[in-house]
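Novice: Below, each chain spelled out in residue letters.
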Amino acid sequence: MNSLKTMTHPKANTVRRLRHGSHLPVGAPLRRNRRRLQLTRWIGLGVFGFWILVALFGPLLAPHPMGAFVSDQIFGGMSAAYPLGTDYMGRDMLSRILTGARYTVGLALVAACLASLIGAGFGMLSVLLPRWLEEGVRRVFDTLISIPSKMMALVMVSAFGASIPLLITATVLSYAPGAFRIAHSLATNLATMEYVQVAHTRGEGRLYIAAREIFPNMIQSVLTDMGMRFVFIVLLLSGMSFLGLGVQPPAADLGSLVRENISGLSQGAVAVIAPALAIGTLTIGANLLIDSLSTSRATQKE
Amino acid sequence: MRNTLFGLVAGRLGASLLTLFLVSLVIFAITSLLPGDTAQQILGQFATPEQVAALREQLGLNQPAILRYWHWLSGFVTGDLGQSASNGMAVAQLINDRLPNSLILAGITTIVSVPIAITMGVVAAMGRGGLIDRLLNLVTLSMVAVPEFLVATLAVLIFAVKLNWLPALSYVSTVDSLGDAMKIYAMPVLTLCCVLIAQMARMTRAALIDQLDSPYVEMAQLKGVPPIRRVMRHALPNAVGPIANAVALSLSYLLGGVIIVETIFNYPGIASLMVDAVSNRDLSLVQACAMLFCGTYLVLVMLADICAILSNPRLRNR
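Chains as they are written, first to last, in this note's numbering: chain A, 531 to 832; chain B, 1134 to 1451.
Treat the hints with care, as some may be off.
[As the list claims (entries may be wrong)] Per label pair, the in silico range of CB-to-CB distance:
{"hint": "1", "chain 1": "B", "residue 1": "1206", "chain 2": "A", "residue 2": "696", "range": "17 to 27 Å"}
{"hint": "2", "chain 1": "B", "residue 1": "1399", "chain 2": "A", "residue 2": "696", "range": "43 to 53 Å"}
{"hint": "3", "chain 1": "B", "residue 1": "1222", "chain 2": "A", "residue 2": "658", "range": "49 to 59 Å"}
{"hint": "4", "chain 1": "A", "residue 1": "587", "chain 2": "B", "residue 2": "1252", "range": "40 to 50 Å"}
{"hint": "5", "chain 1": "B", "residue 1": "1186", "chain 2": "A", "residue 2": "736", "range": "47 to 57 Å"}
{"hint": "6", "chain 1": "B", "residue 1": "1212", "chain 2": "A", "residue 2": "696", "range": "26 to 36 Å"}
{"hint": "7", "chain 1": "B", "residue 1": "1358", "chain 2": "A", "residue 2": "793", "range": "52 to 62 Å"}
[Unchecked claim] Examples of chain B residues lying across from chain A (beta carbon under 7 Å, computed):
{"hint": "8", "residue": "1272"}
{"hint": "9", "residue": "1274"}
{"hint": "10", "residue": "1275"}
{"hint": "11", "residue": "1280"}
{"hint": "12", "residue": "1283"}
{"hint": "13", "residue": "1289"}
{"hint": "14", "residue": "1294"}
{"hint": "15", "residue": "1297"}
{"hint": "16", "residue": "1316"}
{"hint": "17", "residue": "1423"}
{"hint": "18", "residue": "1427"}
{"hint": "19", "residue": "1429"}
Since the hints were made in silico from the structure, they are not lab data.
A quick note: this is a predicted structure, and the numbers were derived from the prediction, not measured.
Built from N, CA and C at the ideal position, the CB exists for glycine as well.
Looking at chain B on its own, in the form it has when it is part of the complex (with noise of 0.2 Å):
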């Protein structure tokens, strides 16, 4: 049995790092398929073709691209990232620079989150049909299709232009009390919240709703089990592998929400690193940058698979 498990887990780890190796050749196939303009990109429109000829024999763009994978695969695994195109610094460094501060943001969201989350689906799923349910799902529902921006500018406004009480901008250099950090990561926070609340409060609920239509909690009904107790201690427990799969599957949705966050704010994170690298061509950098970002949303998904196999014995056999 835990011989069997412990299979299924590192059967799952094995194909995880198989995807990754998948992502990271297109990642590079992508980057790299206009070599001879990537060297032409940096330096601009007005470089001479010497110029061109010496970043390019810099970067190693005239080795094969096998080559280059080689290299640029083997630096990954060595933290040997290269350098930045735009300023000459190692990448490794860069992102290690910023990583603790989104891991920062990303953490709180998350402590913020999940409790509201799992309450309103909760409270939903008891109240299935009803007035609270009804409201919920259409709160939720919109709330899913907000674009990041519109909740912060609306925020930046209500907050920091009406009533004055927050900054508009992030600066994490300025902390020197605890108030003080709560004003810096209150509006980021906030928005990053409102699109994952609502879409792991409707995963939950559904989650639960799938329990609660199951015989075993119709059987506790009959037997006069009280809708609380019913929920609490029938139906919630079953239900806690496909909801901790829904957390984790939602949590994936913060890698694409804090790159909107991170840059309205002006908040020093990856994300925003990873936008300015775009906007500067700055290939070896987004390549890190990317590699990162997909290799947590791989971890993410792998974490709800293991999720959904340890709470669901049905799918141990698959």
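In isolation and in its complexed conformation, chain A is listed as follows (with noise of 0.2 Å):
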């Protein structure tokens, strides 16, 4: 699925690109004019900005504390007093939502990180590994790729209830066998590079050449591709949330806030629209980052 390809360009540059797979937005237009990719860099760099600004320092912003009843109105509209309305038991939407961001952004961030570092780890070593070593390595990470990642982690709620270890747990299982399979083909594609066979043949030891030679070549690669995963591992998130199997009250993240208004659909009320919309910028806001980014190296080569 994510395999890697080489291909060789008119200009006689070698532009390495990632062929997306089923979780990876695919092929970003070589040829885009300078000014188009500066905006979409500038938008995404301004959403997402905000959004770890405010998982940062949203909950000292607050007006009011996350679980205090403040009105007798529920469900009510954006007013001065509420910017975002209130929610179905009378608290201040909006201080929700600053303090609900950070769980939204900080778990994902704590997983993407992990799942990646795991991923990139493993696929780093097993070209250093004995054959038999690395096969085995490979058939962990194919077999727990072939598992989707609701599944995993609507499985792993069912058996062990639902917390946040677990949560981070579910999600870096199904999130690093990604990362693992991006980062493996690429050291496997450097690991064939003239560079590395002339450090081979100087005689430097297997440790010296994945750390000097190859991880060096695909660091790159592998924060784009985290980027990737941050962006996913936020729609797991608050999508189990939202099913009320994520994140448990009190707590409540950006998900959690969309299910416990979702009552107030009926009557539109600004309360479920808010926090869904908090959730759709964030990861547009950042998907358009990380495109904009790998774009931009993917024409520097050129």
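Mind assembling these two chains? They're in different frames, but the hints should get you there.
Specialist: Here you go:
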């Protein structure tokens, strides 16, 4: 699925591009004009940066405590006192979103970092391991990748109950294999490069080759891949919370906020639209940013 | 030739079966790691030790794990999936009741989304770098990252609350006419299509551009073949394999998407059955549903692989 393809570009330069499987957005256009590229990047950066700041400082800025019942009106509309209305129990929606964003962004960041660290670590390592061990590691990750991420999360929650460590474990289990595949194919491809063979011939040890020759050349792709994983993990975790199987009350991430206010949908309550939009802008922003970064790297090399 | 091709396909089938077996091991291991807890969870905190022991006996939790796995797996092969712990019905019966609904939903979504997605992908690839391509790129790039419940809530808000065209909830039992059916399926299908179309269109575009970049298309261009013909007669037939591959891979997204969509629209399908089972800790039902979903996923991935192999002879000697 996520195999790597090296193609020779007409301009005599080798552009390495990831062929994207089901989990990655596909083929960014190479010929895009510069200003346009900058624009999506700035939009992505602005929106994503905004949410990072909210996750960092949001709870400090919240006008009310997250659980405080501040209004008699449930599903109140936008007003000066409650800019995003009130929820199904008369709590201030703005405060709840500012606090909930920390869960959404924080959990997904931790899970994405862990998944990439484990995946990329094993991916690099397996090039160094003996053949039979590499095959074993691959088999394990191949099995895990065959379980759709939502299934993995649902099965684990049904067995162990929803808790934050469990959600992170389930997420890492379903997203590390993808990271492993990409890192592994990058590493195997790099291992056949001439400069790596030169290093072999020079008599360098395997560890030196992995750390000094292979790793620096794959770090960028691994980071881009981690960004993609972050987006999908946000979607997975907020989906689980939306089903009531993710972050449990009294804590609430953005997905739980959508769930608990879903009964206000028939009245068109802000309380259900606002957190849903919040997740949408976060993931779209992150996706645009990552796409523009990976595209510009492709164009730089031309 | 035919022999080797048959061998390849059979090989893929065997590999998929092996993976399914390993997946069943993983699912069983996860759901049976805490055998004592299962009985406790079902009965709640206030159960007496005798009740817990009796239920453990009834569920066969006292047997060693390997034996339970064997019973479970052989039950799977013979169609005996055990009993649901929450309402005592046979799991096979529960699944049997719900499965057709999910298949209909997935079928309609596929029929609607595939032609639209392929058209979008082809149009984008033909006008590469142009305004339409950039616009489609921006739209699809945003759509792949949109959570299903945002699309669903916005759709309900617009079509059911503001315009009052459609009912907010799906009830399959009340279908009398084609119009009714369309009303019921409109929003779930729309929600599923959004992400699916975006993903498929991007993959189709990438597959076609791969072909358009190849020397034989350049040759056609130098010969003076007009662009439409170049795409339709030269590039597209060669991109059919990769596009079929992309379609099959994207369809596997449906498996995750239906879980949210069936829940939000109260659609009585297999995914909402599974979500309820997870909430109730109804493990035998969860196991069966998970196996069903993973099996379907593997079938789609296998089809994608086979499409890729059939279309690209170079992959045949791997």
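Novice: Of the hints given before, which are not true for this structure?
Specialist: Numbers 2, 8, 15, 16, 19, in rising order.
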